[in-house]
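Enquirer: Take a look at the letters that make up each chain.
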Amino acid sequence: MAEQIALEITRYSPERDKTPSMEEFEVPLRKEWVVLDALNYIKDKVDGSLSFRWSCRMGVCGSCGMMVNGEPKLTCATFLNDYAPGPIRVEPLKNFPVMRDLIVEISDFLAKLSKVKPWLIRKKEKPISEGEYLQTPEELDSYRQFSMCINCLLCYAACPVYGLDPLFAGPAALALAQRYNMDSRDEGKSERLDVLSQHDGIWGCTFVGECTQVCPKHVDPAGAIQQYKLTAAQEWVKSLLMPWGGK
Amino acid sequence: MAAKRSNEPFLWLLFSAGGVVAALLVPVHLFLFGLAFPLGWLPAPAHDTLLALARSPIGRIYLLVFCVLPLFHWAHRFRYTLYDGLQIKHLNELVNTLCYGGATVGAAFAVYLIWRIP
Chain S
1 MAEQIALEIT RYSPERDKTP SMEEFEVPLR KEWVVLDALN YIKDKVDGSL
51 SFRWSCRMGV CGSCGMMVNG EPKLTCATFL NDYAPGPIRV EPLKNFPVMR
101 DLIVEISDFL AKLSKVKPWL IRKKEKPISE GEYLQTPEEL DSYRQFSMCI
151 NCLLCYAACP VYGLDPLFAG PAALALAQRY NMDSRDEGKS ERLDVLSQHD
201 GIWGCTFVGE CTQVCPKHVD PAGAIQQYKL TAAQEWVKSL LMPWGGK
Chain V
248 MAAKRSNEPF LWLLFSAGGV VAALLVPVHL FLFGLAFPLG WLPAPAHDTL
298 LALARSPIGR IYLLVFCVLP LFHWAHRFRY TLYDGLQIKH LNELVNTLCY
348 GGATVGAAFA VYLIWRIP
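From first to last, the protein sequence lines stand for chains S and V.
Note that the first sequence covers residues 1 to 247 in this note's numbering.
Note that the second sequence covers residues 248 to 365 in this note's numbering.
Don't take every hint at face value.
Listing some non-contacts, in silico: residues in chain S with all C-beta distances to chain V over 10 Å [to be verified]:
| id | residue |
| --- | --- |
| 1 | Met22 |
| 2 | Glu26 |
| 3 | Asp47 |
| 4 | Phe79 |
| 5 | Gly86 |
| 6 | Ser107 |
| 7 | Ser114 |
| 8 | Lys115 |
| 9 | Lys124 |
| 10 | Glu138 |
| 11 | Asp141 |
| 12 | Gln145 |
| 13 | Asp165 |
| 14 | Phe207 |
| 15 | Val208 |
| 16 | Ala233 |
Cut-off 35 Å, straight-line C-alpha distance, at most; resulting in silico cross-link-like pairs (DSBU-like, lysine-lysine) [what the hints assert, rightly or not]:
| id | chain 1 | residue 1 | chain 2 | residue 2 |
| --- | --- | --- | --- | --- |
| 17 | V | Lys336 | S | Lys115 |
| 18 | V | Lys336 | S | Lys217 |
| 19 | S | Lys115 | S | Lys238 |
| 20 | V | Lys336 | S | Lys18 |
| 21 | V | Lys336 | S | Lys94 |
Calculated from the structure, these hints are not laboratory results.
Just so we're clear, the structure is a prediction, and the values are computed from it rather than from any experiment.
No residue lacks a Cβ here, since even glycine has one placed at the ideal position from N, Cα and C.
Can you make the complete structure from the sequences, with help from the hints?
Expert: Here it is in structure tokens:
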């Protein structure tokens, strides 16, 4: 028989269980298999009731984020072999309420995301006949890194501040706000400032930096937040010196 | 809207300015006065020269900035280390008072010492 590896998986059914518990499964240890393959194997062959989110299997959709041995990981990019001989502990993403098994409730993040207005804001759209909004490669580079975010929420699971203070806007939302702030086509900086410069915005960040460590797309949310702190501090000084200026 | 904004920018500006001083100036001073002068790698300046430098208005301001800003850098950093590390959100006010209060006392002491340079 082929080599096996054990997975300890969080099980929780809100109708049946008061608290989550761990269940152990054995799966074949194949060198090309990732944790997500093992979960799908269990669902297909062992226990069809195991619930988890996944879609693309290639690190693009951002839905298969889970805690693997206590660390937030995209399970589609986390190889079983790296954890051999096991066991591998698979739990739902930390800092979020659990809905069932490995599925977490993310509406808190979605509400925060829309608050920072992560889209291009124009004071006045120019008519299509005037052509597209042009951008130089340098202008693209200034925000490109932040635009790689796939909303997988590993950074929220890693952020101790978010764990401690659920009102904190959190790494991905702040990085995405900065992605649009840095975009030369955007005119919404002042609209975002009020949300971002509150205590629950960037100032909630205590520069732990774990968000950047765990980001599978190398977005560097911690960098985006520190960058924006300087902007917000400058605006603060401006509003002190010229209380009548701006709004 | 503006009323809801945080007072954090002020503390953060002190923190980041202190970080620059602590990272750039402090090592230079430690190297010069801790290693290079005592070990004779560089000719040490005379006591009178240094005293004249410390006595001048610009010298005093420099020493003040050099001492005070890193204290507030420490206060901010340490406050958050306690906050995250020990997870003592409920003691927030006490921690803030101890950290920034400590830095303020240190700053006042620095002002006193620098004032007293003969």
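Enquirer: List in ascending order the numbers of the hints, as given earlier, that are violated by the structure.
Expert: 13, 14, 15, 16
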